[in-house]
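Visitor: Each chain is listed here by its residues.
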Amino acid sequence: MLELKRALDAKGHCLLEMPSGTGKTTTLLSLIVAYMKAHPLDLTKLVYCSRTVPEIEKVMEELRKLMNYYEKEMGMEQNILGLALSSRKNLCIHPSVSKEREGKVVDGRCYSLTASFVRARHAADDAVPICEFYEGFDAHGKEFPLPPGVYNLDDLKEYGQTKRWCPYFLARHTITHANIVVYSYHYLLDPKIAEVVSKEISKSSVVVFDEAHNIDNVCIDSMSVKITKRLLDKCSNSITILETTISNMKENDSKRLEKEYKRLVEGLRDATIARETDMALVNPVLPSEILEEAVPGTIRTAEHFVAFLKRVVEYIKTRLRVQHVVQESPAGFLRDIHTKVCIDRKPLRFTAERLASLIRTLEISDLTDFSPLVTVSHFATLVSTYTKGFTIIIEPFEDRAPTVSNPILYFSCLDSSIAIKPVFNRFQTVVITSGTLSPLDMYPKILDFHPVIMTSFTMTLARPCILPMIVSKGNDQVAMSSRYETREDTAVIRNYGNLLVEVAAAVPDGIVCFFTSYLYLETIVSSWYDQGIIDQLQRHKLLFIETQDAAETSLALINYIKACDNGRGAVLLSVARGKVSEGIDFDHHLGRAVLMFGIPYVYTQSRILRARLEYLRDQFQIRENDFLTFDAMRHAAQCLGRCMRGKTDYGIMVLADKRFSRADKRSKLPKWIQEHLKDTNCNLSTEECVQICKRWLRQMAQPFSREDQLGISLLTLEQLQSEEMQKKIQQRAQGV
Amino acid sequence: MEDYQTCPKCKTTKYRNPAMVLMVNACGHALCESCVELLFAKGSGACPECKCPLRRNNFRVQLFEDPAVDKEVDIRKRILKEFNKRQEDFPTLREYNDYLEEVETIIFNLVFDIDPAGTNKMIDNYKKENKDITQKNRNRQSQEEMELEELLEAEKAQQSEKANLYVNAELEEKKQKHKAREKLIDELMFSDADAKSIVASHVQATAALAKEQPKAAAQPSSGVVKSSKFSSGVQIGLRGQHTNSFLPIPKQEDLPLYRYTAPVFDYDGPPPPAIEKLGKLNYFANIRAANITERAGGYTEAMSCCRALQEALGGLFYSPQLTHKTAVLATNSSTQDTDDMETT
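Protein chains in written order, with UniProt numbering: chain A, 1 to 736; chain B, 1 to 344.
A few of these clues could be false.
[Stated by the list, open to error] Derived, one-sided and incomplete: chain A residues facing chain B with beta-carbon distance under 8 Å:
id, residue
1, H177
2, R300
3, A307
4, R311
5, R319
6, L320
7, Q323
8, H324
9, V326
10, Q327
11, D336
12, P439
13, D441
14, K445
15, D448
16, S606
[To be verified] Simulated pairs of lysine-lysine, PhoX-like, Cα-Cα distance not exceeding 25 Å:
id, chain 1, residue 1, chain 2, residue 2
17, B, K81, A, K346
18, A, K234, B, K14
19, A, K37, A, K5
The set of hints was computed from the structure by calculation and includes no laboratory data.
Quantities reported herein were computed from a predicted structural model and do not represent experimental measurements.
A virtual CB, placed ideally from N, CA and C, is assigned to each residue, including glycine.
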């Protein structure tokens, strides 16, 4: 809180690492809300970004608790409006549209019911269907602001049902004057969406990125484009549709095309159409760099533009017909496209905008078919706008199947700071926080910002409730490592198996194991079968395996939880960077031990990664190995953190790789894990590890009551107000 | 499979004959290579689809999936050779855009055979009117092209330089590590101090080195950035900035101003007399005076005299066995002798 307050006072950005389960969310919310109440002019809004819908719901729950407490203590209604925002898919209450499963389809159908021209048509002809909820909102909802309170997604839906207003648009509308907004990263980071949703958020806001250890990847994904052969074929189809629609319109209603043409000639920018529902297509360029010029003459008329698109698509098709991997810079691409099909840079930059305008003019209501074309137009705009920080890689086939031709063009962003820069520039305070942000100094480098505060917190605990250990060798003294050279070695695989069996025999309830990749998991499990390790393992616990299929994995998870709940005990084999390692908590008996088999390095042969490493090295002076180790260790820490979700929780963390004990890896673990990782636990064999586990578990299994924590990790009001404690707090506030 | 390219004449597909190559001519209809050879054995003939007369030499390999695009690109290239005005040739952006659209319309008309007579007339008119500009523009690259060219060049230069730099840096680092380790082992072998303290001091030293290294890595690379700025393309880049705002403006680093400091020579001997004093000290008595032609070229006898003195005195104190200090003491008296000898 102290650090956070400092950052708020300084109006700067900060980077906080707090172990999971220590009340990160509550701390952030309560301080910022209190700050908002105390300095209503300096700080007007809190934007809380989280990753997934369940996490958003969790934050809303915390906020509600906080508000209830305020009400109880202050004895009156609080004038604070908090709300969650998600996609149309999660908020739609239209009887038929909300049945759709895919997000894109919901968006498309919503657009076809609410676009301004559809509604205009409806006014003329009642047979044209529209969304009654949107109509309701448009008619009444805009004048009546949402009453203060805390609304999560379900509350919004309910409110929408009772008032018969569309909850999605209601939420979008309310963002501008709500005090607390909780939504997903993408609404702020992805320039395509941010432009629409988050444009009007004022500068004096606090932005919190929770669970932000992967924020650089999110930034990069939001600016990257991937074009496959199939996508291009679909583009050709949609171009044909455009052609026919244009010729139809020319015959029937040429006025509209003329109007659009005139507008473009004048260089007037969509002044007529600022309706929120029409913003389904947007320019991927960052808001600050919006082009202020008129659309160039080459693509002014509709036919010319369609011919232009056709040439672009055909050109990309020829580029995809390569036999070997090509990597080139945007500048090289622009030169090539100029010589091959005579396309200049300037019209290319306007592609996305021109396409959006054309689709609007043609009144095409079914947008889902055009998404491939939109992707290509984004690509064209991006490639001609940014010459630095991006690269184009064309791969004729996947590395794993070199015989199957599957050409893909990757336009990949190498610089994660491009997407997040406007956020840092615009808001006075940006808080980046997660349970695992170590090493902290890497984030300011790769995101290119200057934090005023950068701190890693540890937990104050009444007992040593985590036990990290580095196991480096088996009982036969063969070193354990997932290094490329030794990973196929049967001795190593057997040692890993023995370690798991012995730990499974000693540890009660659930055990989660993480491997470096799906491939490695499969090879190891198959050779465990041959070596009879699986049989031994199943004598102690049930075995579940995560697969690449999401449905299968969630089934395995449900059964794993069931097995842990009824005391049978289970082992879950999963993969670092997979679904299990990212969003699922194994608190208490669900995860008494986590085993990390090997260091989860990324697949280093990927060309995109290579390009990014090179870029990082050249631009930010980050050495390849440093970044790779950083990335591997943050994922390892993320996996280990899965088992610790609170102060009463306890768990064993086994790092089974010789290389973990090296200083460069060890020092990159979060402080709260490092603190418990003693030198004596650093270079263990399987047997030693099991001995330590047994002793520790016996200690942990003693009854642990609330009184034991009092005074150490839990304070009563009297203790907090006691002189000694006050002195301590004062000391810390001044000393740091 | 309909995905495969098919020759419209003989119906061969790419699937059945992977070696098949489709060709297109000015009319935009495709034919496979063997059909071209068969039908145009005489060198010219009619297109089997549209019956327009074609020459065999004009057949080219089809580049795009859609032969119509090939045709369009072909026409476009031809037209843009003539219509090559630049934005600089127009007073306003609006007029330039109008011009661009006109060009686009001409190309469009040609591709789809709309009003061929009128279009050709327009082209001819344009050719007559703008002969000079066309000729002039043909020889100079457009600004945009130049920018791209420059970017590519800079990229290339940077890449090669960086590659070298990092290879060297890595080698250097390896060497240093090796050296440090050997030093530690030597010390452990021969020194009488406590082994623990030796190891501790070694760890400290390596940590200090590691801290220095990132700095060292940062410095040369910033030098690389600078050098790319000072490459031949400086002028072009400056011109580019006036019209185009999207290019990132290179950051001007606040380097300290250059200040001249006189170089300090280590003569390793008695200091030779300054060049101005040579006349007073009567050195010129023993030298041939410079004649008029030599003086005209800026030569004076003082120069050669000064140089000869420097050469004579430099390195006199050098002795491989003794340290510098003792050498000075030992030779001090003798230098005085030599001084006297030369002045007389």
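Visitor: All the hints need checking, so say for each whether the structure fits it.
Guide: Hint-by-hint comparison with the structure:
Taking 8 Å as the C-beta contact cut-off toward chain B, the hint placing A:H177 at the interface is violated, the least distance being around 34 Å. Using the Cβ-Cβ criterion of 8 Å, the hint placing A:R300 at the interface with chain B is satisfied: the shortest such distance is roughly 5 Å. The restraint placing A:A307 at the interface with chain B holds, with a minimum CB-CB distance near 7 Å, inside the 8 Å limit. Look at A:R311: its Cβ gets to within about 6 Å of chain B, closer than 8 Å, so that hint holds up.
For A:R319, the suggested interface contact is broken, since its CB lies about 11 Å from the closest CB of chain B, more than 8 Å. Look at A:L320: its Cβ only gets to about 10 Å from chain B, farther than 8 Å, so that hint breaks. For A:Q323, the suggested interface contact is broken, since its CB lies about 13 Å from the closest CB of chain B, more than 8 Å. With a cut of 8 Å, the hint placing A:H324 at the interface with chain B is violated, because the nearest CB-to-CB distance is about 18 Å.
A hinted interface residue such as A:V326 counts as satisfied when its beta carbon comes closer than 8 Å to some beta carbon of chain B; here the least separation is about 15 Å, so the hint is violated. For A:Q327, the shortest C-beta to C-beta distance to chain B is roughly 11 Å, which exceeds 8 Å, and the interface hint is violated. A hinted interface residue such as A:D336 counts as satisfied when its beta carbon comes closer than 8 Å to some beta carbon of chain B; here the least separation is about 10 Å, so the hint is violated. The closest approach between the C-beta of A:P439 and any C-beta of chain B is roughly 13 Å, which is over the 8 Å cut-off, so the hint fails.
At a threshold of 8 Å, the smallest CB-CB gap from A:D441 to chain B is about 11 Å, leaving the interface hint violated. For the restraint placing A:K445 at the interface with chain B, the shortest Cβ-Cβ distance is roughly 11 Å, beyond the 8 Å limit, so the hint is violated. About 13 Å separates the beta-carbon of A:D448 from the nearest beta-carbon of chain B, more than 8 Å, and the hint is not met. Look at A:S606: its Cβ only gets to about 20 Å from chain B, farther than 8 Å, so that hint breaks.
Distance hint between B:K81 and A:K346 is fulfilled; the C-alpha atoms sit about 19 Å from each other, no more than 25 Å. A C-alpha spacing of about 22 Å is found between A:K234 and B:K14, which places the hinted pair at or below 25 Å, so the restraint holds. Among the hinted pairs, A:K37 with A:K5 is consistent with the structure: their alpha-carbon atoms are about 14 Å apart, no more than 25 Å.
Checked against the numbered hints listed earlier, the structure breaks hints 1, 5, 6, 7, 8, 9, 10, 11, 12, 13, 14, 15, 16; every other hint is satisfied.
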